[in-house]
Amino acid sequence: MDDPEQAKTAAQTSSEEPTVAAEVPGIVRAFLRGELSRVEPQLPGWLDTLAGVGAGECWHKKSSFKAHLYEVYKICKIWGQDDDVCRCALFHSAYSNSYVNLAIFKEGTDRGRLAEIVGPSAEELIHTFCIVPRHNMVYDDLLARAPSAEEMAAMAAADAAAADAAAAAASASGPGDAAPATGTAPGASGGGGGALAAALRRLIPEAGLTVKHIKTGEPLIVDRLTVARFLLMTMADFCEQLFSWQDAMFENGDGSLPPFVAPNHTPNQLLSRPFAPLHLCPQPQDAMFENGDGRLLYAGANAGSLWPGACRPGLWHSALSRMGALLRHACVDGQGRPLVRLPPVFEGCTQVLTEADQLAARDAYWEAVTQHTEVTQHDEALRLLRTAVWHNPHVAEPHVLLAQIHCQRGQWAEASRHAARGVALLCEWGTAWDKRMPWEAWIAMARVLQHGASRQQWPITPFGMLNLGLVPGLDEPYDVVQ
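Take the sequence shown: its position 438, counting from 1, is numbered 438 in full-length UniProt numbering, and each next residue is one higher.
Don't read these hints as lab results, they were simulated from the structure. Glycine is no exception: its CB is placed at the ideal position from the N, C-alpha and C atoms. It cannot be assumed that every hint is accurate.
[Said to hold, decoys possible] Derived CB-CB ranges, DEER-like: (1) D83 / I460: 45 to 53 Å; (2) L306 / S121: 38 to 46 Å; (3) L470 / P205: 48 to 56 Å; (4) G304 / D164: 49 to 57 Å; (5) F463 / A161: 23 to 31 Å; (6) S37 / A170: 28 to 36 Å; (7) R145 / G469: 46 to 54 Å.
[Unchecked claim] The list that follows gives simulated cross-link-like pairs (lysine-lysine, BS3-like), each with its CA atoms no further than 27 Å apart: (8) K215 / K106; (9) K61 / K215; (10) K106 / K66; (11) K212 / K62; (12) K66 / K215; (13) K62 / K106; (14) K61 / K106.
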């Protein structure tokens, strides 16, 4: 399949030096390579156990049940969670739970066996996960009582501005008389103060939440730490499995937008030139949807929507960003410190995405990848992809496509920036937003684009494109310790 033209590259039209390539963390490399015993020596055996009870034969949304359990484990591991949380993630519906009936272990007879496999404390967490009404706990006890995404985003922005102002005042006044900080700067490890923290901290009593056992109805007290663990696992669970099929069934958004309101987040700084955000019209295939708020409320009743549907990216970022804010500000100890290690997504759970922004980003991205893929259409694709990034800076895939177009045009600095951002976001999430291609393919392509931009070379023939695939640094050692 060799082609004498395959070495040709796009014209080098940018003299700017490309940015430094984003590093792939060791834990991510271990998963990409399938070196699972380096992640956890017992992991291959646990996967064999899941295979032995038939988890690989059961359906689960976009894959098998075994694949889903492994993927949620992978995300929790990439997010740096403790052993009990990760083991719970791997067996999180083993006795069935409030969402699915996938009892691959029998609650009445297999608890001792599972405790021997993963340890007593992890098995206890798994069992609790399977008997609490998780949907009611997350949605009724927490999200329904919390401020809306728009209110959270506004409070988070105000708190960040107050923290920046306090830091500037402290710097100006000198070390002797620094002004007290009024909030927590993005990326800080503590729960912080400010309006958002005050609004969320009241949601979980010090003793925890009281819920009803899903089978017996008896009251159960779920302490704050367990609430935090289950909320984090719900974030991992949802981002791994959700795509447009669930949105269609539960009528989670029709893609229509109200009159444009500027997003609460700061426009992404990686973009190389300004552009105007788009007003997008409803797409014809969305006409049957009734709920245009994209709040992921599981409130619809469209069970006849054909699986797998169009496989558009799901509308889940706004709800998950609110869960992340709860992790940062509500699931805290007496000093306001988060009880679990915060996921790196949403800038360390410091930013909240509005429903309007996630809809605008999804629709702009989908139009770009379905209607503007050919070279003659790339100017419009650039505009749409930049719009997607502007509305939702927390998704990797628009950056990967932007990097492709810039590589084709020999705009190496822009290509390098977008490829690096794509790699970084894919490493943070541990899963893909656009699930038409697996996470491993997205991250490999982003790294190929990084490499091409750094060498200032990109194929201009089909055989040259087919020749791509190798990424640099494959023989470099890596450490999985986080």
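Cross-check of the supplied hints:
1. Range check, D83 to I460: about 50 Å between beta-carbon atoms, so the 45 to 53 Å window is met.
2. Take L306 and S121: their Cβ atoms lie about 43 Å apart, and the range 38 to 46 Å holds.
3. At about 55 Å, the beta-carbon gap between L470 and P205 stays in the expected band of 48 to 56 Å.
4. Here the CB-CB span from G304 to D164 is close to 50 Å, well matched to the stated 49 to 57 Å.
5. Roughly 53 Å separates the CB atoms of F463 and A161, a value that falls outside the hinted 23 to 31 Å.
6. Remark: the range hint 28 to 36 Å for S37 to A170 is contradicted by a beta-carbon distance near 48 Å.
7. For the hinted restraint 46 to 54 Å between R145 and G469, the CB-CB distance of approximately 50 Å keeps it satisfied.
8. For a cut-off of 27 Å, the pair hint linking K215 to K106 stands: about 14 Å separates their Cα positions.
9. About 24 Å separates the Cα atoms of K61 and K215, which keeps this hinted pair within 27 Å; it holds.
10. Only pairs whose Cα atoms come within 27 Å are accepted, and K106 paired with K66 is accepted, the gap being roughly 17 Å.
11. Distance restraint check for K212 and K62: the Cα-Cα separation of roughly 30 Å exceeds the 27 Å cut-off, and the hinted pair is therefore not satisfied.
12. As the CA atoms of K66 and K215 are separated by approximately 25 Å, the hinted pair is consistent with the 27 Å bound.
13. Only pairs whose Cα atoms come within 27 Å are accepted, and K62 paired with K106 is accepted, the gap being roughly 25 Å.
14. Of the supplied pair hints, the one linking K61 and K106 holds, its CA atoms being roughly 23 Å apart against a limit of 27 Å.
When held up to the earlier numbered hints, the structure conflicts with 5, 6 and 11 and fits the remainder.
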